[in-house]
Amino acid sequence: MLQKKSPLLWFFITLMAILLLALFGPEEKSLGSNVRIVYLHGAWVLAAEAAFVAAGLAGGIALLGLALKPQRWQNLHRWSQALGRTGIIFWISYLPLSLWAMQSNWNGLFLAEPRFRLALTFAVAGLLMQVGLWLVNRSALTSAANLAYIIVLRVTFAAAANIMHPPPSPIFNSGLWNVIAFFVVLNLLAWAAAGLLTLFFAHR
1 MLQKKSPLLW FFITLMAILL LALFGPEEKS LGSNVRIVYL HGAWVLAAEA
51 AFVAAGLAGG IALLGLALKP QRWQNLHRWS QALGRTGIIF WISYLPLSLW
101 AMQSNWNGLF LAEPRFRLAL TFAVAGLLMQ VGLWLVNRSA LTSAANLAYI
151 IVLRVTFAAA ANIMHPPPSP IFNSGLWNVI AFFVVLNLLA WAAAGLLTLF
201 FAHR
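In this text, residue positions in the sequence shown follow the working numbering: the first is 1, and each later residue adds one.
In short, the hints are calculated from the structure, not lab data.
Glycine included, each C-beta is placed from N, C-alpha and C at the ideal position.
Just to be clear, a hint being listed does not mean it is correct.
[Said to hold, decoys possible] Listed next, with one range per pair, are the computed distances between beta-carbon atoms:
{"hint": "1", "residue 1": "Arg138", "residue 2": "Leu8", "range": "31 to 37 Å"}
{"hint": "2", "residue 1": "Leu127", "residue 2": "Trp177", "range": "37 to 43 Å"}
{"hint": "3", "residue 1": "Glu27", "residue 2": "Val124", "range": "20 to 26 Å"}
{"hint": "4", "residue 1": "Leu176", "residue 2": "Ala148", "range": "35 to 41 Å"}
{"hint": "5", "residue 1": "Pro114", "residue 2": "Arg204", "range": "25 to 31 Å"}
{"hint": "6", "residue 1": "Leu95", "residue 2": "Met16", "range": "32 to 38 Å"}
{"hint": "7", "residue 1": "Leu23", "residue 2": "Leu95", "range": "43 to 49 Å"}
{"hint": "8", "residue 1": "Ser33", "residue 2": "Leu188", "range": "30 to 36 Å"}
{"hint": "9", "residue 1": "Ala17", "residue 2": "Leu64", "range": "15 to 21 Å"}
{"hint": "10", "residue 1": "Gly65", "residue 2": "Phe12", "range": "17 to 23 Å"}
{"hint": "11", "residue 1": "Leu135", "residue 2": "Asn178", "range": "46 to 52 Å"}
{"hint": "12", "residue 1": "Gln74", "residue 2": "Leu23", "range": "38 to 44 Å"}
{"hint": "13", "residue 1": "Leu135", "residue 2": "Leu23", "range": "26 to 32 Å"}
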């Protein structure tokens with residue numbers, strides 16, 4: 001049974017709050033109420049990327065300090081590991097949200113969409129990597145792998161074609177402050193959920 005103060009318990013409570021909030025998101029002229037799943041899928045993938053970036057930064061700093069005082073930086077290796085696991089869970093769970101958004105708003109699944117194909121590829125590769133790192137259980141290797149993963153992910157997506165994800169952000173450039181405020185709150189809650197899941201992994 002989960003303890004009252006377990007980060008995992010608070011993670012699920014935050015998750016329920018996110019789902020409830022998403023039901024009341026502001027509608028959009030073209031997509032109507034279906035835009036709410038777009039808000040949720042956007043917040044979820046940003047939380048995943050934030051976790052990957054944090055895992056890479058923690059791992060990179062830990063590796064830089066490894067030659068100086070290894071024990072002093074061991075904690076950062078642990079946080080890199082926890083953040084990497086959180087990132088891949090959010091990234092994998094973002095994929096069905098993306099499919100749902102496609103089906104609800106465009107009446108079909110565009111599985112050949114470049115960014116979706118890349119997201120699926122990085123989900124499979126990231127999951128295999130995290131399982132492998134868990135089995136090998138070498139802190140320096142975990143930190144190095146998490147750093148390399150986010151660098152490759154960002155470089156690859158920066159060069160990818162934009163079809164269903166037109167830049168710049170349609171939300172932040174909409175001029176609709178109620179939509180922007182709602183999306184910011186949804187992101188903060190998603191980041192809080194990611195933080196709670198990271199705490200759970202870090203203290204296992």
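Going through the hints against the structure:
1. Arg138 / Leu8: 31 to 37 Å: violated, 26 Å
2. Leu127 / Trp177: 37 to 43 Å: For Leu127 and Trp177 the Cβ distance comes to about 38 Å; the hint holds.
3. Glu27 / Val124: 20 to 26 Å: With a Cβ separation near 35 Å, Glu27 and Val124 fall outside 20 to 26 Å, so the hint is violated.
4. Leu176 / Ala148: 35 to 41 Å: holds, 38 Å
5. Pro114 / Arg204: 25 to 31 Å: violated, 36 Å
6. Leu95 / Met16: 32 to 38 Å: violated, 21 Å
7. Leu23 / Leu95: 43 to 49 Å: Taking Cβ atoms as reference, Leu23 and Leu95 lie about 21 Å apart, which means the hint is violated.
8. Ser33 / Leu188: 30 to 36 Å: Given about 22 Å between the Cβ atoms, the range is violated.
9. Ala17 / Leu64: 15 to 21 Å: This hint is violated: roughly 37 Å between Cβ atoms.
10. Gly65 / Phe12: 17 to 23 Å: violated, 35 Å
11. Leu135 / Asn178: 46 to 52 Å: holds, 47 Å
12. Gln74 / Leu23: 38 to 44 Å: With Cβ atoms ~43 Å apart, the hint holds.
13. Leu135 / Leu23: 26 to 32 Å: Since Leu135 and Leu23 have Cβ atoms about 40 Å apart, the given range 26 to 32 Å is violated.
Checked against the numbered hints above, the structure violates hints 1, 3, 5, 6, 7, 8, 9, 10, 13; every other hint is satisfied.
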